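**Student:** Going down the list, the sequences are from chains S and E. Letter 139 of the first sequence, counting from 1, is numbered 139 in our numbering, and no numbers are missing. Letter 41 of the second sequence, counting from 1, is numbered 41 in our numbering, and no numbers are missing.
Keep in mind the hints are simulated off the structure, nothing from the lab. Don't take each hint at face value.
[Unchecked claim] List of simulated lysine-lysine pairs, DSBU-like, C-alpha gap at most 30 Å:
| id | chain 1 | residue 1 | chain 2 | residue 2 |
| --- | --- | --- | --- | --- |
| 1 | E | 37 | S | 16 |
| 2 | E | 48 | E | 93 |
| 3 | E | 57 | E | 5 |
| 4 | E | 15 | E | 48 |
| 5 | E | 15 | E | 5 |
| 6 | E | 37 | E | 15 |
| 7 | E | 57 | E | 93 |
| 8 | E | 57 | E | 15 |
| 9 | S | 63 | E | 57 |
| 10 | S | 73 | S | 63 |
| 11 | S | 16 | E | 15 |
| 12 | E | 57 | S | 16 |
| 13 | E | 37 | E | 57 |
| 14 | S | 5 | E | 93 |
| 15 | E | 5 | E | 37 |
[Stated by the list, open to error] Over the 12 Å line for every Cβ pair with chain S, so calculated as not near, a few chain E residues:
| id | residue |
| --- | --- |
| 16 | 3 |
| 17 | 5 |
| 18 | 7 |
| 19 | 9 |
| 20 | 10 |
| 21 | 26 |
| 22 | 29 |
| 23 | 38 |
| 24 | 45 |
| 25 | 55 |
| 26 | 78 |
| 27 | 82 |
| 28 | 103 |
| 29 | 109 |
| 30 | 132 |
As the structure is a computational prediction, the values presented were derived from the model and not from experiment. Even glycine gets a Cβ: it sits at the ideal position worked out from N, Cα and C.
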Amino acid sequence: MASIKTALANSALFSKLSDEELDRVASLSRQEVYPEGTLLFSEGTMASDLYIVGAGQVAVEMKLAVYAGLVQKATVEVILEGDAFGWSAVLGSLIYTLSARALEPVRVIAIDGERLHSLLEGNPDMGYRVMTALVEVVSSRVSSIKKTLVV
Amino acid sequence: MTTVKEALANSDIFKGLPDEWLVEIGELVEPEEYPAKEYLFLEGAEPKDMYIVQVGKVAMDLSISPIPGVGNQTTVDTLTRGQTCGWSSVVGKPYSMTARCVDPVGVLAINGARLRSLLDSRPEMGYKVMESMAWVVVSRLRNMRMATRMFSR
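Working from the sequences, and respecting the hints, build out all of it.
**Tutor:** Given below as structure tokens:
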């Protein structure tokens, strides 16, 4: 439990929460360990959990139609320690729009998306800080995408 | 004639909010018009306003050169009525893309810092607005990934 709370406190999404608020998020969370290559969730499936990387790296993948009839999987982002993925789960979306795969042995914090959503809705002051952090995180990913572009 | 309140109620960011909140937010709104080819803001510029498109189309351009504003641009999204751009101004970050008017454009401009102050002082409103914004930003990021994929390795 202590390491879950530490991982949450060190994440961009939850770093603005108080000690007591972190406890409440931690109570909805579980720590999971996966070997390299594990598919944590798949594009198009029910979005149940929001994840924070505790250790290791996770690739977020997207199916792309290269042209009609040919669909390829492409890595759109590598998620590092402290970063979140699986946002659909906390935004009230029913399905994941991307897939996530462990690039190496990983330790992740999985947070029940529905319960987290209720917690934030019931505590808007806390919800506001988490959603603001989420907007900041996503905005900053625009710059990381730019780095992958070929000039 | 659409009122500011109605326009906000039909926007991606403020839809679903109670009428009295829309009235408060409406007090921060300045309707503005721009000719075709004008820029609402440039990538890398210090943020000022967030814009909700009312008339015309706004292209979101991303530079595919290491130096912002120099070299090739690629359009990653095109916004129409009810869609928002320039949310960087609300979180106080430089604009991450350039917003270019494709047609003569009408927008509702909202000062980002003033909106942020209002949201900071009203957590319930703040939560609802930031939740919608997170939703819009996440789906916009997805469009952008699809649009830029052809250039990436």
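**Student:** Now look at each hint and say whether the structure bears it out.
**Tutor:** Structure-based check of each hint:
A threshold of 30 Å between alpha carbons decides the hint, and for residue 37 of chain E with residue 16 of chain S the separation of about 41 Å lies outside it, so the pair is violated. Between residue 48 of chain E and residue 93 of chain E the CA atoms are separated by roughly 10 Å; this keeps the pair inside 30 Å, and the hint holds. For a cut-off of 30 Å, the pair hint linking residue 57 of chain E to residue 5 of chain E stands: about 21 Å separates their Cα positions. Among the hinted pairs, residue 15 of chain E with residue 48 of chain E is consistent with the structure: their alpha-carbon atoms are about 22 Å apart, no more than 30 Å.
A hinted pair counts as satisfied when its Cα atoms are at most 30 Å apart, and residue 15 of chain E with residue 5 of chain E qualifies at roughly 10 Å. Between residue 37 of chain E and residue 15 of chain E, the direct Cα distance comes to roughly 29 Å. Compliance with the 30 Å bound is thereby established for this hinted pair. Between residue 57 of chain E and residue 93 of chain E, the direct Cα distance comes to roughly 24 Å. Compliance with the 30 Å bound is thereby established for this hinted pair. Simply put, residue 57 of chain E and residue 15 of chain E have alpha-carbon atoms about 20 Å apart, close enough for the 30 Å limit, and the pair holds.
Note on residue 63 of chain S and residue 57 of chain E: the hinted pairing holds, with a Cα-Cα distance of about 28 Å set against a maximum of 30 Å. As the CA atoms of residue 73 of chain S and residue 63 of chain S are separated by approximately 5 Å, the hinted pair is consistent with the 30 Å bound. A C-alpha spacing of about 27 Å is found between residue 16 of chain S and residue 15 of chain E, which places the hinted pair at or below 30 Å, so the restraint holds. Between residue 57 of chain E and residue 16 of chain S, the direct Cα distance comes to roughly 37 Å. Violation of the 30 Å bound is thereby established for this hinted pair.
A hinted pair counts as satisfied when its Cα atoms are at most 30 Å apart, and residue 37 of chain E with residue 57 of chain E qualifies at roughly 11 Å. Straight-line distance between C-alpha atoms of residue 5 of chain S and residue 93 of chain E comes to about 28 Å, which keeps the hinted pair within the 30 Å bound. Our distance criterion of 30 Å between C-alpha atoms is met by residue 5 of chain E and residue 37 of chain E, whose separation comes to about 28 Å. For residue 3 of chain E, the shortest C-beta to C-beta distance to chain S comes to about 27 Å, beyond the 12 Å cut-off, and the non-interface label holds.
Interface exclusion of residue 5 of chain E from chain S stands, the closest Cβ pair being 22 Å apart, more than 12 Å. At roughly 22 Å from the closest C-beta of chain S, the C-beta of residue 7 of chain E stays outside 12 Å, upholding its exclusion from the interface. Every Cβ of chain S is farther than 12 Å from the Cβ of residue 9 of chain E; the closest lies at roughly 19 Å, confirming the non-interface assignment. Consistency note on residue 10 of chain E: stated as away from chain S, and its beta-carbon is indeed over 12 Å from all of that chain's, at 20 Å minimum.
Every CB of chain S is more than 12 Å from the CB of residue 26 of chain E (nearest about 21 Å), matching its label as outside the interface. No Cβ of chain S comes within 12 Å of the Cβ of residue 29 of chain E; the nearest lies about 20 Å off, and the non-interface call holds. A cut-off of 12 Å between C-beta atoms confirms that residue 38 of chain E is not in contact with chain S; the least separation is 22 Å. Once the 12 Å rule is applied to beta carbons, residue 45 of chain E is consistent with being away from chain S; the minimum gap is 14 Å.
Taking the minimum C-beta to C-beta distance to chain S, about 26 Å, the non-interface status of residue 55 of chain E holds against the 12 Å cut. The claim that residue 78 of chain E lies off the interface holds: its Cβ sits roughly 17 Å from the closest Cβ of chain S, which is beyond the 12 Å cut-off. For residue 82 of chain E, the condition that its CB be more than 12 Å from all CB atoms of chain S holds, with the nearest at approximately 19 Å. No beta-carbon of chain S comes within 12 Å of the beta-carbon of residue 103 of chain E; the shortest separation is about 25 Å.
Listed as outside the interface, residue 109 of chain E is consistent with that label: its C-beta sits roughly 19 Å from the nearest C-beta of chain S, beyond the 12 Å cut-off. With a least CB separation of 9 Å from chain S, residue 132 of chain E falls inside the 12 Å interface cut-off, contrary to its annotation.
Hints 1, 12, 30 from the list above are not met by this structure, while the remaining hints are.
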